[in-house]
Amino acid sequence: MTEESKNRIVKTADGDEINLADIDAILDRVGREQRYLIRLLHAIQDKYNYLPEPVLRYIADVTPIPASAIAGVSTFYAQMRHKPAGRHFVKVCIGTACHVKGAENLYQAFRRHLKIEGDEDTDNDRIFTVEKVACLGCCMLAPAVQIDDITYGFVEPSKVGNVLSDFLEAQKQTKSDMEAARISGALAGEVRICLCSSCTAGGTLAVHQELQKQIAELKLPVVLQTVGCTGISYQTPMVEVAMSDGRSFHYGLVQKESVRDLLLRHFKPPHVSTRVRTAIQRKLEELLTDSVWEPVTRYAMDVRSGPDSLYVGRQKRLVMECAGEINPMDIDAYIANDGFKALENSLKQKSRQEIIDIIKEGGLRGRGGAGFPTGVKWQLVHDAKADKKYIICNGDEGDPGAFMDRMILESFPFRVLEGITIAAYCAGAHAGFLYIRTEYPLAIARINEAIAICEKRGYLGENILGSGFSLKLEVEQGAGAFVCGEESALMQAIEGKRGMPRFRPPFPADSGLWGCPTLVNNVETYGMVPWTVRHGAAALAALGTIDSKGSKAFALAGKVLRGGLIEVPMGITLREVVDEIGGGIPNGKKLKAVQVGGPSGGCVPASMCDTRVDYVELLKAGAMMGSGGMVVLDEEDCMVDIAKYFLAFTQMESCGKCTYCRIGTKRMLEILERLCCGKGKQGDIEELEHLAAVTKEGSLCGLGRTAPNPILSTITHFRDEYEAHIAGRCPAGKCKELIIYKVTDECIGCSKCAQQCPAEAIGFKPYEKHEIDPEKCTRCDVCRQICPVKAIVIE
Amino acid sequence: MLKIYIDGKKYEVAEGSTILDACRQAGIEIPVMCYLDGCTHFTSCMVCVVKDVKSKRLIPSCSAPVVDDMEIEACTEEVREGRRVALELLLSEHLGDCEAPCHRICPAHMNIPQMLHQIAAGESVKALATVKRNIALPAVIGRICPAPCEKGCRRGRQDSPVSIRMSERYVADLDMDAGDPRLPECAQASGKQVAVIGAGPTGLSAAFYLQQMGHACTVFDDRGIPGGQLIDGVPEHLLPRDITAAEINIIRRTGVVFKQRQTLGKDITLDSLAGEYDAVVLALGFKELDELQPLGLDLSKNGIKVDKHSLTTNRRGVFAGGGVIGNGKTMAIRSLADGKAIAHSVDTFLSGHNPQGEQQLFNSAIGAVKKEELVEFMRGAADLARHEPADVDGGFAKQEAVAEAERCLHCDCRKLKSCRLRSYSDEYDAHQNRYKGQERKPLRIIMQHPRVVYEPGKCIKCGICVRITGQTDEPLGMAFLKRGYDSEIGVPFNDSLEQGLTHSSEQCVKECPTGALAFVEGEEV
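The listed protein sequences derive, respectively, from chains A and B. The first sequence lines up with residues 18 to 812 when you count with my numbering. The second sequence lines up with residues 2 to 526 when you count with my numbering.
Read the hints as simulated data drawn from the structure, not as lab findings. The beta-carbon is built from N, C-alpha and C at its ideal position, and this holds for glycine as well. Some hints here could point you the wrong way.
Pulled from the structure, derived: some chain B residues nowhere near chain A, Cβ distances all over 10 Å [unchecked claim]:
1. K10
2. V54
3. I60
4. G180
5. A247
6. K462
Mimicking SDA-like on lysine to any residue, the simulated pairs with C-alpha atoms at most 20 Å apart in a straight line are [to be verified]:
7. K10/B x G28/B
8. K483/B x A710/A
9. K437/B x A710/A
Generate the whole structure from the sequences, applying the supplied hints.
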């Protein structure tokens, strides 16, 4: 080491050594202006696992970026760490669906298992850092946990140890196991599998590896194809076998162990005897997705045309066209399915105004929440006079319990890019950004790749399709701030600043990114564009209701038999969605309410579930379209807890700028917390209503203005539950401080509960009825879940 | 030009004006906290809201541009309520006292911390003025007061309270020992005449302040010398008679006329005085109810019945306070306070208004300070034990007084006068406990700068200092840190305030709308 390079080593407070030459390299690669600040911080964190203070100081010294901006931005975004972390990140999803399935208990279980206490988030050996994450978008696999890149679904608190050791085991395996084997000769067919984040969380990766392995071993003349998601999360892992003769078979809930049999059912390897295959055949019948479906008879289904006929039958797929059929990254497959036709048609045969008129007349409204007429927005930016205009795709979907945008970005990247390009052409924008949550790494990777492919093929970049129109798109990665879904905050983030909304007007159409007219739409809105342009305004307007046209994607989750990503025609009722698409409530429980619209939305009670999916009707019912989370709640869900859950989310995600939101949401949360632990008092409900009203009225941006909705809708429809909490009761048996766990006479004395109880609240008494000490009990629910005879109840 | 209707009146404003600009142009005052002329607006405090009639929304006037034909309500109760809610939300997390506990507890409401800082700074003349603004007889009170202020003194939680009474005595004695005691400045003669009956503490105090307000006072007293209970009720070894006489002499020298051996009902009557004078003050001291009957005034079980705040009796122009209404049985300071309150009430009456006692401004209060938080207050105070004067009869010597005054924690706000959160809270009648939080943040007082104190608990996150330090090219400056309810303003990378504010401290302190950033010495009231 030379003297000079030695001088460039700085030590952090934690004793780490940092070579400033490495930082210079990052600066050279990423850029030195404030607009690259968030990218810089990501790059530093990627390298060191956190943001060492000496590095931040160094950046302030050697770049024009002000120290206050570096300090401000690096402490604003939740994903930015200022303390060293463990080698691996355990991210426990606390999205809505995971919350109603016990995510908090699961989070505590990880902390307990790793002996993490107090303010710490990392175990003593610095192997694991345990964090909560807003939503992994794997709602049907709730509760879900992501450890580095591996996602685990249906994790029970008692299984935490297994999950961690499984993860560590998986780390040891070499990458070579996963190498794909190539085959030659005539194709007998395709095996399709989706590797999006949800499906991966459901265990698809293992099945995919096994498919690769078996296809290679058996030397099958088969192509293994990665395809866009079907949205049928409840059947994950799901495999489709498409024969070259056109027949196709769907298999749901496929296990790694049955992959070989599955392949052998359809494809003939030279060396396997017929006798063996017949034996396998019988076993395989059980695997067919049709046969694992329990509720089919309930819905008078006489046509068993496909495994997902009911689930898919009521859906209307415009954004999700070709779901499950083509490889998301295969641009030729996209083109073969009418891809880029709308763009080509727009650039070559239509004027900008003609396209804007199609969008206007079709009645397309923004799918990001507020439902502003898309055509009007385009017109405004089109009409704005400026040398430079920008286009932005808002992919900062952060609602817990919503993952439509993620699925669309991962499964239909070309469609989104086509929609953006058409919009940019209409608006007259030649540069733009896709702002995508950092929690969606696969979406970011695929969009980046799709942009590169499009540029290569002339669908993006200079002189698109020879039309003379040029568009340069970049991906901007979020850093963990829900508020950045608000367009003015999002633009701040792209500019490399704290994502704090500003007062509007001026609207982005007048003064947006760096003061230029900017068109901002969300992922799904852009995704609707190609279909609309291709089929015309009348086709879109024909679908839906007077106020709401076309289709809308929802993430259906919670207490529903079949959940996943759905796209339904506007005007369908919530009941139809829950019963027909979702297959009703599992375990014989009753529907209590449907939470629509996430933290900005509200709970529509079962009695009002004939409300239609429509911007106006949902608002009237106290909910809102929001970005499309739809969480089904049953009688075991406490509505005060649900309100508290959403408020805790918005309170945590408030940017802290305006007084009403910063302090108003905090005060409301305090009251809800008080109610949930039995310390509520008379007048609390009225105080909540008052605070909700002032926060709604006075807040600066949409986050604050809609934050009280979950409270207001639950008070309106479930006031009796609030009153019960004031009286010290939680009717749903959810609020820990208001319930106790008891062992009934059903107890067989198996002592499993005593062995598993992390709080040592259950004495070890084999062959006797066990007892729970309410003083020691932490209400972690492990015993109730583990009891083989359901002898543990909540009172 | 754009048309705008504010509260129904039409105005024309230039293109690009905000509603705040329009209101200012129309002479309508709008409260602002996060707004600063010459800086980009930030729109965080929401105290400046007005109502847009068409959209029915409350909007921040500092940021909302005027649109042609806009209709705005700027003064309705709904708008006032919106501003009040914003203020009350800010107050719910405001971690600071306006006036210190000693100041609030003192019946005469003397600004004790200010007196102590002035003593510590060697400015005894200023300290005397501070004392005399509220206490007419400091040498007397400095000897006999039971000092409830010392019971409230926060320093008492740490070791023992600051010796406030002895400090006050020091200030007063110093003045008198100089031989030529200072006389307060009196306003120009109003031409009004006030009769004060009784030369006890209440009457003396009333006369002292009325005379300063420009009203000619005549004190009628039934004894040979003035002093009342100060002579009859206090043994001479506690309060030497010459001290009392000397302080009364100061009052006399302001122009107050004393008429001794004048007994009410014998030598003088209420009716005759009421006819002769513009106002009459009854400062008779303790009287049995039957003695008061002949006055013909409404009585209560404690004495003459008065309005608690204005100290007016049921007879127009007649005021009463002190012993005669049942106050000041154990504390002379209570009587002095009544006398001062009467002076204010009479003054408003004589200038043609409804009589009103002294107005108390809004006061924020921290409530209980945790033991471990005392260290925050101790940062600016001398770490010495409470000092008793070496010469018990002679009181503090200068060095002793200074040392004792340096023990003051300065737990009052350093921006009592200019804090806009206080003045607006007063104006909008905001209540601090309206939205009381469950648990408050820990108290922090950051003294890392030779001139500036930063109290994060008083910060409203308006970011004015962030904008100023950004504009003035501070190397580090101030930054927004963290997010949401936890967000705060601080120096980047945990550096000290001195490094954050190298050349812009003056401007930041001046523009900070609350007491969050203040000069160490505080501002004089």
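Now the hints, each set against the structure:
1. Consistency note on K10/B: stated as away from chain A, and its beta-carbon is indeed over 10 Å from all of that chain's, at 24 Å minimum.
2. No beta-carbon of chain A comes within 10 Å of the beta-carbon of V54/B; the shortest separation is about 15 Å.
3. Listed as a non-interface residue, I60/B fails to keep its Cβ farther than 10 Å from every Cβ of chain A; the least gap is roughly 8 Å.
4. Under the 10 Å C-beta cut-off, the non-interface status given to G180/B relative to chain A holds; the minimum distance is some 57 Å.
5. Non-interface status of A247/B relative to chain A is upheld: no Cβ of that chain comes within 10 Å, the nearest being about 54 Å off.
6. Against the 10 Å criterion, K462/B falls within the reach of chain A, whose nearest CB is about 7 Å from its own CB.
7. In summary, the hint linking K10/B to G28/B is supported, as the alpha carbons are separated by about 12 Å, within the 20 Å threshold.
8. Between the alpha carbons of K483/B and A710/A the distance comes to roughly 27 Å, so the proposed pair goes past 20 Å and is violated.
9. Of the pairs offered as hints, the one joining K437/B and A710/A holds, with about 17 Å between alpha carbons and a cut-off of 20 Å not exceeded.
Violated hints for the displayed structure, listed by number in ascending order: 3, 6, 8.
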